[in-house]
Amino acid sequence: GENVEQHPSTLSVQEGDSAVIKCTYSDSASNYFPWYKQELGKRPQLIIDIRSNVGEKKDQRIAVTLNKTAKHFSLHITETQPEDSAVYFCAAKGGSNYKLTFGKGTLLTVNP
Amino acid sequence: DAEITQSPRHKITETGRQVTLACHQTWNHNNMFWYRQDLGHGLRLIHYSYGVQDTNKGEVSDGYSVSRSNTEDLPLTLESAASSQTSVYFCASGSASETFFGQGTRLTVV
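Chains A and B are the protein sequences, given in the same order. All residue numbers for the first sequence refer to our numbering, where the first residue is 3 and numbers rise by one. All residue numbers for the second sequence refer to our numbering, where the first residue is 18 and numbers rise by one.
Hints are not guaranteed to be accurate.
Listed next, the in silico DSS-like pairs over lysine-lysine satisfying Cα-Cα at most 25 Å (straight line) [as the list claims (entries may be wrong)]: (1) B/K28 - A/K44; (2) B/K74 - A/K70; (3) A/K39 - A/K60; (4) A/K73 - A/K60; (5) A/K106 - A/K60; (6) A/K39 - A/K106.
Which residues of chain A face chain B? A few of them, derived with a C-beta cut under 7 Å, are [claimed, not checked]: (7) Y34; (8) K39; (9) R45; (10) P46; (11) Y100; (12) K101; (13) L102; (14) F104; (15) G107.
In case anyone wonders, no lab produced these hints; they're calculated from the structure. Ideal Cβ placement from N, Cα and C applies to all residues, glycine included.
My request is simple: use the sequences and hints to build the entire structure.
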């Protein structure tokens with residue numbers, strides 16, 4: 003089955019700096035890669051996603067890049083703000099398989 | 018607005034008891050999932066369903082069961098609760114792409 007590795011497990015940055023979280027996946031059939039943000043005590047919320055026919059996608063301060071050959075994808079947050087502090091999860095979904103396999107999460111702390 | 022809701026939000030139960038967690042979605046999604054979330058393990062898939070009468074085991078299915086009698090509901094049953102099943106449980110539903118989560122149920126087995 004699919005295996006998703008996520009790094010780092012914790013990340014601390016100063017407000018205004020950029021943050022990058024990286025994930026790798028094992029199943030070459032995976033074709034959909036979402037990122038979720040989970041604030042303390044809340045549900046995971048979808049923040050951005052990318053499909054395998056696209057190399058990069060941006061939405062304001064967040065962007066996701068995908069390298070299909072290397073089977074890795076990354077989340078980039080620019081101009082970080084304290085409200086970006088949360089746990090971020092990457093995930094992968096493949097082909098006709100509709101279930102998401104998640105990485106173990108990254109705790110991002112943005113220090114004011 | 019469409020939504021996915023879980024109940025109860027919090028539950029304390031005793032070892033050995035049968036427990037059922039409810040999940041109801043109004044997205045009209047065929048695909049529904051149950052995950053558990055534990056520190057250091059992220060979100061792990063327990064069971065999932067791709068439609069009415071369809072159920073499948075995920076990576077941590079032992080001690081759990083689900084049933085899918087209609088599109089809207091996927092209840093999760095713990096046959097005989099164990100302390101190792103103390104966790105936060107999330108139900109989710111989705112299309113071929115986007116997947117949305119319920120608010121979660123915090124279950125404590127004492």
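Verification of the hints:
1. Pair hint B/K28 plus A/K44 holds up; C-alpha atoms about 17 Å apart against a cutoff of 25 Å.
2. Restraint check for B/K74 and A/K70: not satisfied, since their Cα atoms lie roughly 28 Å apart, outside the 25 Å limit.
3. Between A/K39 and A/K60 the CA atoms are separated by roughly 16 Å; this keeps the pair inside 25 Å, and the hint holds.
4. Between A/K73 and A/K60, the direct Cα distance comes to roughly 19 Å. Compliance with the 25 Å bound is thereby established for this hinted pair.
5. Distance restraint check for A/K106 and A/K60: the Cα-Cα separation of roughly 23 Å lies within the 25 Å cut-off, and the hinted pair is therefore satisfied.
6. Distance restraint check for A/K39 and A/K106: the Cα-Cα separation of roughly 12 Å lies within the 25 Å cut-off, and the hinted pair is therefore satisfied.
7. With a cut of 7 Å, the hint placing A/Y34 at the interface with chain B holds, because the nearest CB-to-CB distance is about 6 Å.
8. For A/K39, the suggested interface contact is broken, since its CB lies about 11 Å from the closest CB of chain B, more than 7 Å.
9. Hint status for A/R45: holds, given a least beta-carbon distance of 4 Å to chain B, under 7 Å.
10. Of the supplied interface hints, the one on A/P46 holds, with its beta-carbon coming within about 5 Å of a beta-carbon of chain B, less than 7 Å.
11. Taking 7 Å as the C-beta cut-off, the interface hint given for A/Y100 holds, the closest approach to chain B being about 5 Å.
12. A cut of 7 Å between beta carbons decides the hint on A/K101: the least distance to chain B is about 5 Å, and the hint holds.
13. Given hint, A/L102 at the interface with chain B, holds; its Cβ is 6 Å from that chain's nearest Cβ, closer than 7 Å.
14. Proximity of A/F104 to chain B holds as hinted, the smallest CB-CB distance being about 4 Å (cut-off 7 Å).
15. For A/G107, the interface hint holds, since its Cβ comes within 7 Å of a Cβ in chain B; the closest pair sits about 5 Å apart.
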